[in-house]
Amino acid sequence: MISVKNLSKTYGSVRAVRSISFDLHDGEIVGFLGANGAGKSTTLKIMTGYISPTAGNVFFNDYNIQDHSLKIQKDIGYLPEVNPLYTEMKVYDYLHFNAEIRNIKGQNFKNAFQKVVDECGLSEVVHRTIGNCSKGFRQRIGLAAAMIHDPKILILDEPVSGLDPNQIVEIRQLIKKLGKEKIVIMSSHILQEIQATVDRIIIINNGKIAADGTSDELLTDASGKTRLTMEVDNAEENSIQDMKATIPAISIRSITKENGSKIIELEYPKANDPRPDIFNYAVTNNWIILEMVASKQNLEEIFRNLTKNGDSTGE
Amino acid sequence: METQLVNNILVIFRRELRSFFDSPMAYVFLVVFAVVNGYFFTNTFFLYGQSDMRALFGIVPLVYLFFIPGVMMGLISREKGLGTIEIISTLPINDRDIVIGKYLAGFVLILMALLIGVVKHTYPLMLMEVGKVILLNGFTQLFMKSKVDM
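Listed in order, the protein sequences are those of chains A and X.
Going by the working numbering, the letters in the first sequence line up with residues 1 to 315, in that order.
Going by the working numbering, the letters in the second sequence line up with residues 1 to 150, in that order.
Everything labelled a hint here was simulated from the structure, so no lab data went into it.
One or more hints might be untrue.
For lysine-lysine, the following DSSO-like pairs were computed, each having C-alpha atoms within a straight-line distance of at most 30 Å [unchecked claim]:
no., chain 1, residue 1, chain 2, residue 2
1, A, Lys135, A, Lys110
2, A, Lys308, A, Lys5
3, A, Lys135, A, Lys105
4, A, Lys135, A, Lys152
5, A, Lys115, A, Lys74
6, X, Lys80, A, Lys71
7, A, Lys152, A, Lys177
8, X, Lys80, A, Lys105
9, A, Lys110, A, Lys5
10, A, Lys152, X, Lys80
11, A, Lys110, A, Lys180
12, A, Lys71, A, Lys208
13, A, Lys208, X, Lys80
14, A, Lys90, X, Lys80
15, A, Lys262, A, Lys308
16, A, Lys90, A, Lys105
17, A, Lys74, X, Lys80
18, X, Lys80, A, Lys135
19, A, Lys105, A, Lys177
20, A, Lys135, A, Lys115
21, A, Lys74, A, Lys176
Since the structure is predicted, the reported quantities are computational estimates derived from the model, not experimental observations.
Modelling step: build the complete structure from the supplied sequences, incorporating the hints.
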């Protein structure tokens with residue numbers, strides 16, 4: 001379990017991270033979502049022990065990263081945002097170097113090497129110099145190096161940047177597979193990527209946690225309301241407006257006409273589901289319900305709402 | 001614990017030494033070092049007709065003044081430049097092992113350069129003891145100098 005407590009980081013006069021706290025549990029894939037400069041990478045760098053926090057600490061099973069960094073780093077696999085690599089080395093040598101540092105030798109190395117090469121799709125470049133590999137391959141080499149010691153914690157800063165759509169799907173599946181038994185923390189500013197990959201999303205804005213929850217929780221909790229879109233036939237404008245008086249929980253957002261039918265968009269609080277009442281009202285007023293869909297806000301909308309007032313603070 | 005420490009230093013040492021030879025850096029260094037030393041050696045050799053090493057030994061520390069920083073100053077700054085300092089700093093290895101490993105790699109490279117000098121400069125002296133020094137020395141030196149100049 002990872003526990004981040006009141007973590008802050010200041011670069012000169014810039015407050016990159018402002019007293020953030022959260023807990024992460026085994027078997028959890030967590031996505032850090034935030035605009036450029038929100039403080040995602042800074043938080044991840046502190047968690048890996050690369051930089052020290054100005055205040056607060058990160059605990060890995062009661063060991064804090066500042067005092068026990070070497071012990072904790074044995075269990076961490078880290079893929080930095082810019083993915084720096086020793087470009088003059090061959091892929092095999094680079095993975096061998098990473099394994100040797102972690103004391104993985106002999107048959108153990110062979111097994112670990114084969115595993116990461118298969119999982120990251122590196123078989124065709126293992127004897128190639130890293131400098132001659134494409135950006136996509138380099139990203140996968142960085143990922144393979146982070147995974148060679150089968151770490152309990154994987155920290156991936158923008159893991160799919162530079163990959164083509166097919167590779168993105170492969171890496172996403174790999175992260176999901178790894179997330180069943182490890183803690184995987186990944187950051188991204190690509191909403192769809194985060195939504196498709198992680199169990200839990202932490203939205204960071206201006207160095208602070210703006211939202212924390214599963215994708216579904218964020219979609220409903222951000223506004224606390226669920227949106228309902230109905231397409232009804234045989235509905236008078238007056239009867240639609242009267243529905244609000246009969247069912248106070250709802251608020252009508254819009255009514256539009258489409259091919260003779262009407263599209264009604266309304267909202268209701270998550271805790272108070274009025275759909276049976278709406279159905280009964282429609283029956284009483286002889287409406288023909290052609291469609292009724294509860295549509296939640298999309299993540300992009302939530303992200304924009306949560307981050308629109310945030311100024312960049314430096315990542 | 002000590003085994004791990006030695007292992008870490010050796011891993012960093014091997015990686016660093018190999019990286020010298022994976023790039024033109026080591027070759028350029030060894031050749032230039034040999035050329036510069038060769039120049040100071042052969043200068044005296046032909047000028048006075050003696051296999052006198054004193055002038056060379058006097059000048060080598062000055063040569064080191066330029067060459068050793070050339071090798072050593074990039075060991076950490078190159079990691080920063082490439083950004084690989086972020087990788088190496090998050091590996092389970094402490095700063096002391098990194099510094100020692102890198103220092104040893106630089107040291108061995110300089111030793112290699114010196115070894116080339118030792119072979120090159122002591123060979124004529126060895127020949128002197130068994131005679132035929134002038135002729136053989138001349139040819140050997142020309143041969144060696146031409147190799148260095150290549």
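Here's how the hints hold up against the structure:
1. A:Lys135 to A:Lys110: With a Cα-Cα distance of about 25 Å, the restraint between Lys135 of chain A and Lys110 of chain A holds, given a limit of 30 Å.
2. A:Lys308 to A:Lys5: holds (26 Å)
3. A:Lys135 to A:Lys105: Roughly 28 Å separates the two Cα atoms, so the pair holds.
4. A:Lys135 to A:Lys152: holds (26 Å)
5. A:Lys115 to A:Lys74: holds (19 Å)
6. X:Lys80 to A:Lys71: Roughly 24 Å separates the two Cα atoms, so the pair holds.
7. A:Lys152 to A:Lys177: holds (13 Å)
8. X:Lys80 to A:Lys105: holds (28 Å)
9. A:Lys110 to A:Lys5: It is violated: about 39 Å lies between the C-alpha atoms, which goes past 30 Å.
10. A:Lys152 to X:Lys80: holds (28 Å)
11. A:Lys110 to A:Lys180: holds (24 Å)
12. A:Lys71 to A:Lys208: With a Cα-Cα distance of about 28 Å, the restraint between Lys71 of chain A and Lys208 of chain A holds, given a limit of 30 Å.
13. A:Lys208 to X:Lys80: holds (29 Å)
14. A:Lys90 to X:Lys80: Holds, at roughly 20 Å.
15. A:Lys262 to A:Lys308: violated (33 Å)
16. A:Lys90 to A:Lys105: holds (18 Å)
17. A:Lys74 to X:Lys80: Roughly 22 Å separates the two Cα atoms, so the pair holds.
18. X:Lys80 to A:Lys135: Distance ~20 Å between Lys80 of chain X and Lys135 of chain A Cα, so the pair holds.
19. A:Lys105 to A:Lys177: holds (25 Å)
20. A:Lys135 to A:Lys115: holds (21 Å)
21. A:Lys74 to A:Lys176: Holds, at roughly 22 Å.
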